[in-house]
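Each residue of the sequence shown is one higher than the one before, counting from -12 in my numbering.
Misleading hints may appear alongside valid ones.
[What the hints assert, rightly or not] With a straight-line cut-off of 20 angstroms between C-alpha atoms, the simulated SDA-like cross-links for lysine to any residue are:
#, residue 1, residue 2
1, Lys151, Pro171
2, Lys337, Gly310
3, Lys41, Arg15
4, Lys27, Tyr294
5, Lys41, Lys76
6, Lys339, Lys323
[Unchecked claim] Simulated DEER-style distance windows between Cβ atoms:
#, residue 1, residue 2, range
7, Lys186, Val141, 35 to 43 angstroms
8, Gln308, Pro344, 22 to 30 angstroms
9, Gln384, Met293, 47 to 55 angstroms
10, Asp140, Lys199, 29 to 37 angstroms
11, Ile108, Glu(-3), 35 to 43 angstroms
Read the hints as simulated data drawn from the structure, not as lab findings.
As the structure is a prediction and not an experimental result, all values here were calculated from the model.
Cβ atoms here follow ideal geometry from the backbone N, Cα and C, with glycine treated the same way.
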Amino acid sequence: MKSSIRFVKEAGGLADCAVCYTVDPHFRLSDRIKGVFSGKKIPPKIFTVDYYVKKAKELASLGADIFTIKDMAGLITPFMAAELVKALKNELDIPIDLHTHCTPGFGVASLLAAMVNGVDIVDTAILSFSGGPAAPAYEIIRIFADRLGFSVDVDNAAVARIDKRLRQIRSELASFDQYKRLPPELDLSKDSLSPELSKLFDDALEAAVGGKYQKSLDICQQIEKAFFYPEPDEIVRHAQIPGGMYTNMLTQLKEAKLEHLLNEVLRLVPTVRLDAGLPPLVTPTSQIVGVQAVNCVISIHEGKDMYENVSKNFEDLILGQYGKTPWPVDPEFRYKICGTREEVPYDTSKYKPQDNPPIPEAGGVPLALNEKEQLLLELFPSVAAKFLRNKRIAEWQAAHPEGTPSEEQPGLGEQNLAPYFDPDYEPSDGEPPSFWEIAPSWAGWTDSIALGQ
-12 MKSSIRFVKE AGGLADCAVC YTVDPHFRLS DRIKGVFSGK KIPPKIFTVD
38 YYVKKAKELA SLGADIFTIK DMAGLITPFM AAELVKALKN ELDIPIDLHT
88 HCTPGFGVAS LLAAMVNGVD IVDTAILSFS GGPAAPAYEI IRIFADRLGF
138 SVDVDNAAVA RIDKRLRQIR SELASFDQYK RLPPELDLSK DSLSPELSKL
188 FDDALEAAVG GKYQKSLDIC QQIEKAFFYP EPDEIVRHAQ IPGGMYTNML
238 TQLKEAKLEH LLNEVLRLVP TVRLDAGLPP LVTPTSQIVG VQAVNCVISI
288 HEGKDMYENV SKNFEDLILG QYGKTPWPVD PEFRYKICGT REEVPYDTSK
338 YKPQDNPPIP EAGGVPLALN EKEQLLLELF PSVAAKFLRN KRIAEWQAAH
388 PEGTPSEEQP GLGEQNLAPY FDPDYEPSDG EPPSFWEIAP SWAGWTDSIA
438 LGQ
């Protein structure tokens, strides 16, 4: 984080630093009793308000310009959102941002609770792509902001135009749409709420201001229902895991024709997470813990040791390659998994850049042609390699309609590749024009307005 903050500031940017929000795992009474007799200590409550305030103060001392509570699973309750925001505002002089999702049904009510307690920024999505696993709707939160007297510098008519286009896009993607039902349109620049819906907003706001967060939550969920939001995901709420982690585990079990073991996997997740040092369940650790929980259940059902089959990523997590965990990993467990009792942090000096080979089908040009593409290759090696390969071949074929290169045809010489690695190089076909260079027709703007002329 130190380096990231420094680089952002040197480039003239704002360092928006986040801490992933998570909760302590729920252990059954039987698990706690087993822990006492086995000597496997179940830790006290770790992820408290004080825990997050301490993290926020550390980031602020490093130069953070904004502190974001990143609730990737939507697990922050309205009460916790209120308490955390109040504590952060008392300790920090930088803006506080709350990012959450609606998956388990807390999203709208938690943002409202944060707003009445002084949060500076809340993250939202445009109505047609909001709710469920997404963030709360801008339109819903804007109504609350207006009634609280907050100044919001967003053009509601522009938002409505964007929403109209996004509805078309969502309709085009109907075959991939899990919910199949779009929210009703709401143009805040001209539309008004029904008296019944307007009263729900007032009642939710009154309850939140009065600190009655459960009542506010109940009313906010009625508002969500009026906008056709999916029902709260009870599995995510009770299992306290991100929706993507749940679906990934279910897919893994289905591939092994063992989906009937899902409940056993969900019950084992807290134990695996504890063994791994209680990492926040966010990509990639959510997938690492989820995959390992599935492996453990399969091993148990085969009569093997629970950790008979360990993924390389889980081994690296236990070893310390992903950094320090909130709760220390038991040295004996680390020895069992990794063959050493000592934590071994990741050694950056041993990092090897991704291969950037020439592509014969594209005249011998390398996979990545500039710094941006090289960065893409480093961040997403498997996906980027396929994408860039197809892009290079398509570029070559467009420039050489007479046919593909023969095996005898030499690749580009080193001198011809030099311009590609110039820091100021941009591919000749260019990247898509930016929003401000060409305004989309559906936005209703002229080019002169879009260009600020």
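With a cut-off of 20 angstroms on the C-alpha distance, tell me whether Lys337 and Gly310 pass.
OK: Lys337 and Gly310 at ~16 angstroms, within 20 angstroms.
Between Lys41 and Arg15, does the CA-CA distance stay at or below 20 angstroms?
29 angstroms, violated
Holds or violated: Lys27 to Tyr294, with C-alpha atoms at most 20 angstroms apart:
16 angstroms, holds
Falls inside 35 to 43 angstroms, the C-beta gap from Ile108 to Glu(-3)?
Hint violated: Cβ distance 24 angstroms, outside 35 to 43 angstroms.
Measure nothing beyond the straight line between the CA atoms of Lys151 and Pro171; if it is 20 angstroms or shorter, mark the hint as holding.
The hint holds at about 11 angstroms.
Can you let me know if the beta-carbon spacing of Gln384 and Met293 is within 47 to 55 angstroms?
For Met293 against Gln384, whose Cβ atoms are near 52 angstroms apart, the range 47 to 55 angstroms holds.
Given pair status - Lys323, Lys339, alpha carbons within 20 angstroms
28 angstroms, violated
Whether the CB-CB distance between Lys186 and Val141 falls inside 35 to 43 angstroms:
25 angstroms, violated
22 to 30 angstroms was suggested as the range; check whether the CB atoms of Gln308 and Pro344 agree with it.
27 angstroms, holds
For the range 29 to 37 angstroms, tell me whether the beta carbons of Asp140 and Lys199 fit it or not.
For Lys199 against Asp140, whose Cβ atoms are near 31 angstroms apart, the range 29 to 37 angstroms holds.
Hey, Lys41 versus Lys76, does the alpha-carbon distance stay inside 20 angstroms?
Within the cut-off at roughly 13 angstroms; holds.
Consistency note: the structure conflicts with the earlier hints numbered 3, 6, 7, 11.
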